[in-house]
Structure formats: structure tokens, C-alpha cells
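So the protein sequences, as listed, match chains D and C. Quick note: the first sequence uses this note's numbering, first residue 1, plus one each step. Quick note: the second sequence uses this note's numbering, first residue 226, plus one each step.
No lab work stands behind these hints, which were simulated from the structure alone. Treat the hints with caution; some may be incorrect.
SDA-like cross-link-like pairs, simulated, lysine to any residue; straight-line CA separation at most 20 Å [claimed, not checked]: (1) D:Lys220 with C:Lys326; (2) D:Lys220 with C:Ala354; (3) D:Lys48 with C:His311; (4) C:Lys391 with D:Leu210; (5) D:Lys48 with D:Lys220; (6) C:Lys317 with D:Asp79; (7) D:Lys220 with C:Lys364; (8) C:Lys317 with D:Lys48; (9) C:Lys317 with D:Ala2; (10) C:Lys317 with D:Lys220; (11) C:Lys326 with D:Met3; (12) C:Lys317 with D:Asp80; (13) C:Lys326 with D:Ala2; (14) C:Lys364 with C:Ala354; (15) C:Lys326 with D:Glu185; (16) C:Lys364 with D:Ser76; (17) C:Lys317 with D:Arg21; (18) C:Lys326 with D:Lys48.
The lines below spell out each chain.
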Amino acid sequence: MAMFDAFAAIVRRDLVLAMRRRSEIANPVLFFILVITLFPLGIGAQPKLLQAIAPGIIWVSALLATMLSLDSLFRSDFDDGSLEQILLSPYPTSILVLGKITAHWLTTGLPLLIVAPLLAVFLGMPNQSLSILLLTLFLGTPILSLIGAVGVALTVGLRRGGMILSLLVLPLYVPVLIFASNAVEMASTGLPVTAQINILISMLLMALVLAPWPTAAALKMSINS
Amino acid sequence: MQANPMYQLQGDNLSCIRDDRELFVGLDFAVKSGQVLLLEGNNGSGKTTLLRIVCGFREPDSGAVSWCGENIPQSQYYSDMAYVGHLDGIKKELTVLENLKLSLALSQSGKLSIAQALEKVQLAGYDDALIQTLSAGQKRRLSLARLLITHNILWILDEPFTSLDKQGIILIESLMAEHCDGGGMIVMTSHHDVNLQGVDIQRIRLS
Numbered sequence: 001m002a003m004f005d006a007f008a009a010i011v012r013r014d015l016v017l018a019m020r021r022r023s024e025i026a027n028p029v030l031f032f033i034l035v036i037t038l039f040p041l042g043i044g045a046q047p048k049l050l051q052a053i054a055p056g057i058i059w060v061s062a063l064l065a066t067m068l069s070l071d072s073l074f075r076s077d078f079d080d081g082s083l084e085q086i087l088l089s090p091y092p093t094s095i096l097v098l099g100k101i102t103a104h105w106l107t108t109g110l111p112l113l114i115v116a117p118l119l120a121v122f123l124g125m126p127n128q129s130l131s132i133l134l135l136t137l138f139l140g141t142p143i144l145s146l147i148g149a150v151g152v153a154l155t156v157g158l159r160r161g162g163m164i165l166s167l168l169v170l171p172l173y174v175p176v177l178i179f180a181s182n183a184v185e186m187a188s189t190g191l192p193v194t195a196q197i198n199i200l201i202s203m204l205l206m207a208l209v210l211a212p213w214p215t216a217a218a219l220k221m222s223i224n225s
Numbered sequence: 226m227q228a229n230p231m232y233q234l235q236g237d238n239l240s241c242i243r244d245d246r247e248l249f250v251g252l253d254f255a256v257k258s259g260q261v262l263l264l265e266g267n268n269g270s271g272k273t274t275l276l277r278i279v280c281g282f283r284e285p286d287s288g289a290v291s292w293c294g295e296n297i298p299q300s301q302y303y304s305d306m307a308y309v310g311h312l313d314g315i316k317k318e319l320t321v322l323e324n325l326k327l328s329l330a331l332s333q334s335g336k337l338s339i340a341q342a343l344e345k346v347q348l349a350g351y352d353d354a355l356i357q358t359l360s361a362g363q364k365r366r367l368s369l370a371r372l373l374i375t376h377n378i379l380w381i382l383d384e385p386f387t388s389l390d391k392q393g394i395i396l397i398e399s400l401m402a403e404h405c406d407g408g409g410m411i412v413m414t415s416h417h418d419v420n421l422q423g424v425d426i427q428r429i430r431l432s
């Protein structure tokens, strides 16, 4: 199917680009690792306290790491005119944009998922909550990429959009942070977390359906400046 | 391609006002298959703005652009047009082949294969060269090669001769003439003289 080919071509292109600019994908993961490793040093030898705040630390770091990587989502395409070509494609812009978001998640969200277990052990998180942590990251980081895309699309045309981007996107990230870190916390005390996980799933599905359209529309606006 | 006289790009009563300055008001034009519309004017006279309106990037302050009688924000237009603007729209970290393959995936395939198109713009043998190793003129040739590999009737070209050498300009002119002969049409801006033999050129002077 031609439309799926176009989607796949965008994902493939962005993955190749990410491989060729390795430092750019390493940045968010490095940030994630650094922030988390600094917490035990700052707090000192208080394993109980560390264990208690571990879900929060990991999730806040994941959220900030994602925010840090957002600007690169459309920046280079905007600067070199590739975005114009994407918008002029006969295929729906929202599908192509979804391809870009998918590639963004694969290069920024997925690496966080891979290093998270190690960092969780490092913070002394109990084993029973590890799988829930991974599940929340698996469901939550794509939501961060999808919501972030709308914000970046709105600010990519501005010269200094960084501050506005944080202001736009952070409030929308808060529900994800609350439900995800709460789920991990509950899991560590052995309580059921189905409710939080279901809410995360519904947020992911909603973002998946609702985010690409405003992103496409916002890109059209940004290119007009 | 069979000449198809049915294609027509039309602008009705277009106006554009930028920062209280009227770039153009009440502009009309109509381009048919086989014709070239050449926009002339000084720097800042709104040539690029008009092209961006024709592309659908920008809404005109009044009037409308239509393709075969229908307003342009509809899908058929975008599968019939191709745009080469100030920005090349090519990724410098990718190779020549990877860039063209993406363009092809984003559009429908046209008359020429990638290899044939590279041959035509004299970039054959550069398939696996990274864009950052190419010169500005070669990049321009590559972005023009995109016009050949995808299906299109309308070419929208913003200063297509920028950074091309004399031979390159002649080459692009011959490609443009060939495109018009085959029933295509071109809307373009240029500071250079455009030398297209046997092609019906309309000129609009913006001031």
C-alpha cells in the first residue's frame, strides 16, 4: 500500500539519520542516566528514602529527557526544506507525521526503556515493581513523543521556541507522570495497578489518534512564517 | 506522456498584504498545459510569496488558486505538482540515492527511474555520495532530479538557476522545454533570462 510505504520510508529515513548523528540520540539517554545516578549521591546513604522516591526520579528524568530531545523532531527538516516536501506530498500529512513521531520514539523512548532496569536496580527498587516500571515506560514514553510533537510543530517556526515549548508541553505531561509513577509505587507495595495501566493505555490510544492531526495543522502554520 | 490540454492552474483576484504593504492586489493568471508562467520583479516584490500561495503554504489575503477548476486544498493537486524552492529539501547526512528514494516514496513514480534521472542531470555515479560532499550546484541538480522521478504536471520553481553553471542552466532549460512539450506546465521565478525555444511563456511583472 502506497501510503504505508510512505510512512515506512519516513520512519526508515529518520532512523538512518539518527544512526548518522549518533551523538544526538545518545544525548537524552545520557541525560537520563546522569540525572538518576546523581540522586543517590545527593541524598546520601538512605536506601529507604531512595527506594521510596525511585519511581518519581525515574519518571521525572524520563520526562525531562524526552523534552530535551523534542526540538530535534522537526528542526532539521524545517531548516533544510524537507518539511516543505513532506507537506506537499499527496499522502495525508498526519500519517507522515506519525512516521516521524514513531522514529522519534524508537530513537529516544526505546533507549530509556532499555537502560531503565539497570537504573531501577541502582536505586534499590524492589523486583516486583520492575516489570510495572517497564510497562509504564513502554506505554508512557510514546504519549510523551506524541504530545511533544504538537508542541514542537507549533514552535518550530519561532527562533527561540524552547521556553514556550516547555510551557506548552509540560502541563500535558503531568497526567502521564502522575499515573505512571503512582503505578510503579503501588506495585512496589504489592497493590493492584490495573486502573493506572488502563488509564495509561487509554491516554496512549487517545494521543495516537488525536495528536497527528493538530501536529500536521501546526506544521502547516509554522511553515507559513 | 500524452499532451493533455485539460490541466489548468488558475489564480483569481489574488492579493497579498504583508505588514501593511500591498505586495500584489487583484492578480489574475491562468496557465495551461505546455505553458510557462514566469514571475518577474525586484527583490521583495512578492515573487516567492506568490509561489508559496500557489503551493498552498500560504493563504492569499483575497482570491483563490484553483487546479482544473477546483480549489487547491484538495488531494489531486498535490499529486500533480512538484516544488523546488530556495531550500533544497535534501538531507545532508543521507546519500544521493537515499534522498531520491524518499522523494519517490512520498509521491507517485514518474517518467524516469532514479538512475535515468541522475544520468540526465549529470550526477550518474554519485549514487552513494553523501550530500555534504556535493557542491551547491550539484545539490541544485539533485533537487531538480526530483522533478523527473516523480509524477507531476506542474513544476513550481523558485529561482531554479541559482548556483548552477552555464552548462547546468542550459541543461535545466532543455528539461523544462521537454516538460512543456510533454504537456506539463511550469510556474517559476528567475533573475536570469529564460531561454526556452518554442514554449509559450507568460510573464507577470510584480512591483
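To see whether the hints hold, each was checked on the structure:
1. Taking the CA atoms of Lys220 (chain D) and Lys326 (chain C), the gap is about 24 Å. The hint is violated against a cut of 20 Å.
2. Taking the CA atoms of Lys220 (chain D) and Ala354 (chain C), the gap is about 32 Å. The hint is violated against a cut of 20 Å.
3. Annotation: proposed proximity of Lys48 (chain D) to His311 (chain C) is violated, straight-line Cα distance about 60 Å (limit 20 Å).
4. Of the pairs offered as hints, the one joining Lys391 (chain C) and Leu210 (chain D) is violated, with about 50 Å between alpha carbons and a cut-off of 20 Å exceeded.
5. Taken as a hint, the Lys48 (chain D) and Lys220 (chain D) pair is broken in the structure, with Cα atoms around 51 Å apart against an allowance of 20 Å.
6. Among the hinted pairs, Lys317 (chain C) with Asp79 (chain D) is consistent with the structure: their alpha-carbon atoms are about 11 Å apart, no more than 20 Å.
7. At most 20 Å may separate the alpha-carbon atoms for a hinted pair to count; Lys220 (chain D) and Lys364 (chain C) exceed this at roughly 25 Å.
8. Note on Lys317 (chain C) and Lys48 (chain D): the hinted pairing is violated, with a Cα-Cα distance of about 51 Å set against a maximum of 20 Å.
9. Distance restraint check for Lys317 (chain C) and Ala2 (chain D): the Cα-Cα separation of roughly 26 Å exceeds the 20 Å cut-off, and the hinted pair is therefore not satisfied.
10. Distance hint between Lys317 (chain C) and Lys220 (chain D) is unfulfilled; the C-alpha atoms sit about 23 Å from each other, more than 20 Å.
11. For the hint linking Lys326 (chain C) to Met3 (chain D), the alpha-carbon distance of about 15 Å falls within 20 Å, and the restraint holds.
12. A distance of roughly 9 Å separates the Cα atoms of Lys317 (chain C) and Asp80 (chain D); the hinted pair therefore holds under the 20 Å criterion.
13. For a cut-off of 20 Å, the pair hint linking Lys326 (chain C) to Ala2 (chain D) stands: about 13 Å separates their Cα positions.
14. The suggested pairing of Lys364 (chain C) with Ala354 (chain C) holds, with an alpha-carbon distance near 11 Å, which does not exceed 20 Å.
15. Under the criterion of a C-alpha separation no larger than 20 Å, the hint pairing Lys326 (chain C) with Glu185 (chain D) is inconsistent with the structure, at around 47 Å.
16. Restraint check for Lys364 (chain C) and Ser76 (chain D): satisfied, since their Cα atoms lie roughly 17 Å apart, inside the 20 Å limit.
17. Proximity of Lys317 (chain C) to Arg21 (chain D) is assessed by CA-CA distance (about 11 Å); at most 20 Å being required, the pair is judged to hold.
18. A threshold of 20 Å between alpha carbons decides the hint, and for Lys326 (chain C) with Lys48 (chain D) the separation of about 55 Å lies outside it, so the pair is violated.
This entry does not satisfy hints 1, 2, 3, 4, 5, 7, 8, 9, 10, 15 and 18, going by the numbered hints stated previously.
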